[in-house]
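A.B. asks: Chains as they are written, first to last, in the numbering used here: chain Y, 20 to 140; chain E, 223 to 492.
Don't read these hints as lab results, they were simulated from the structure.
Hints are not guaranteed to be accurate.
[What the hints assert, rightly or not] Stretch by stretch, here's where chain E covers chain Y in the computed footprint (C-beta under 8 Å, at least three residues): (1) 35-43; (2) 46-52; (3) 70-83.
None of these values were measured; they are calculated from a predicted model.
Ideal Cβ placement from N, Cα and C applies to all residues, glycine included.
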Amino acid sequence: MTTAGGPSSSSLADVIDTILDKGLVIDAYVRVSLVGIELLTIDARIVVASVDTYLRFAEAANRLAIGSEPKGLSDLVSGGTEKIAKSKTKSAIEEKLGGLLGGQEEPERERVSRKSTRGDR
Amino acid sequence: MVTEQTKNQKSENTEKSDKKQTAGVYVYGIVPADVEPGDDATGVADGKVDVVTDGDIGALVSAMSVDRPLGKPEDLRAHANVLDGTSRVAPVLPLRFGAVLTDTDAVKEELLSAHADEFAAALEQLEGKAQYVVKGRYVEQAILQEILDENEQAAQMRDEIRDKSEDAGRQARMALGELVNNAIAGKREEDTRKTVEALGDLTDSVNRREPTHEEEAVQVAVLADVDRQDQLEEAVGKLAEEWNGRVEIKLLGPMAAYDFVVTQNPAGQG
Chain Y
20 MTTAGGPSSS SLADVIDTIL DKGLVIDAYV RVSLVGIELL TIDARIVVAS VDTYLRFAEA
80 ANRLAIGSEP KGLSDLVSGG TEKIAKSKTK SAIEEKLGGL LGGQEEPERE RVSRKSTRGD
140 R
Chain E
223 MVTEQTKNQK SENTEKSDKK QTAGVYVYGI VPADVEPGDD ATGVADGKVD VVTDGDIGAL
283 VSAMSVDRPL GKPEDLRAHA NVLDGTSRVA PVLPLRFGAV LTDTDAVKEE LLSAHADEFA
343 AALEQLEGKA QYVVKGRYVE QAILQEILDE NEQAAQMRDE IRDKSEDAGR QARMALGELV
403 NNAIAGKREE DTRKTVEALG DLTDSVNRRE PTHEEEAVQV AVLADVDRQD QLEEAVGKLA
463 EEWNGRVEIK LLGPMAAYDF VVTQNPAGQG
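Chain E extracted, bound-state conformation:
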């Protein structure tokens, strides 16, 4: 009798309050309810990607064991692949990497049902659009030569360190390096401006990202009509031609609108 009671209690509690819970639901993002993941869609931790719906909206999810740490390269890629693949065919609101809930009921009630209007409105705004990223990196020799040609002071400082050992010329090297670094920052600003200008009316939402490499020439995320991707490719292709040998530029996308979804209730951030 006693044993049975304990047993019942335990099984009732397993789902929600058991501290040793081992199963969780990884959530990728929010989509319209009619989105269907492909049969072979594989997500984080090799989970099969599924959709949990509530009314008109749904969430892309996959089951995973919560005692497995996340963050390996393949985890990051899986998260991006699921969302970016979806962004080609439907609007999607991406969640930040690493969102795991206890079960599908929690996804349905706490996430979807509780924020239905907000999500539906955001999805509507993304209809027909996807994010693209233009990323450019300076070709080191070309950009250094350009700086030395343009900047007399830099050229002079370079001549000064020529015959000195690394130790003896350390101060001079530091000064030259700082000058070069600042010159690159100035060029980055100008080339970012040119890039945004070159994209013209293909986008009205631009996020100029902070540089993630010291020789970065440009990194901007834009929201654009998927229908006009060929025009975007053309515009970036022209830049690539113009900057051939000076900047290695690439266009990434279509991808989910990571840079353009905003959390309206920032209280939970941190």
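If we strip away everything but chain Y, and leave its shape as in the complex, we get:
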């Protein structure tokens, strides 16, 4: 189960969602001795409904119908719980950061590889 071994560890995406736009703003407390540091541009992640998203959903729905052999089912079932603790999904920003900065996170977009796990339920 998710929590058998205690809470999951945070992925980089989790960290970004938490620390970038939350917490106390130092400027409100200190002005004189602030040091302007160059911050690499990282935007908090937000979801904007886009044409790309719509087309992707449509294609995924389309593919869902074609895959009628029960081949993918076992993947789904066995992957179900174990994947919880170790989420494989990576966000776009993580991918970008990884590529940009040579981070250790392996760029990977699950949606691209959906084809191989097509299920029929």
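Following the hints, put chain E in place on chain Y, whose structure we already have.
C.D. replies: Just chain E, lined up with the frame of chain Y:
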């Protein structure tokens, strides 16, 4: 003589007004003065984490060179690690990522001393508590199938694009995609409500975060007693069981109360 004078002046000014200052103090957050960072606590830019105190409160800091840009993945993680590690043993008010002051005197006087009462009161409220985040992501195939099963219109539209090329069916695809997107938004709202309900009286402070992924099922931050973490795990475990194969859910924390500290003087924001 002249040379010596210039020299003296320069060394006096180096600390505060020299524009080419290269050393700075990175500030992570505010803690009670008796908090001691571990010997091996490493922070942003590999700095050794230290605590600067003033009266009953202190600030977690580490030295860093200011000509080094911040924001690499390891910087973000270091910031979170220092604060989250602390949150397990003591209350901590996290600062937003990237706060750097000129020196420890500035931390002591301008930050701590000038806001001592405000910080002490906020720390008291956090005593024994930490933040946890419940995050869930829909399993794409499962949620799409659920939507197609529930929504006749969606199923019909899906059948319409079946035999068309991507170009020919573009309008229809757009319409179907939008329908799916809206259906997911509706499910997200409902599943977020269920999650908060499932946590029951384990928390009285909940922040429903804006979704950060289009297939997000839920993302809520809660403030809870560290003592009751096992109950929190149990509650989330039950949800995971109920939603097995439909939502991949995880519990993050304990972490610093990022979502629940508020800057009372918003004048400096922006």
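A.B. asks: Which earlier hints can't be squared with this structure?
C.D. replies: none
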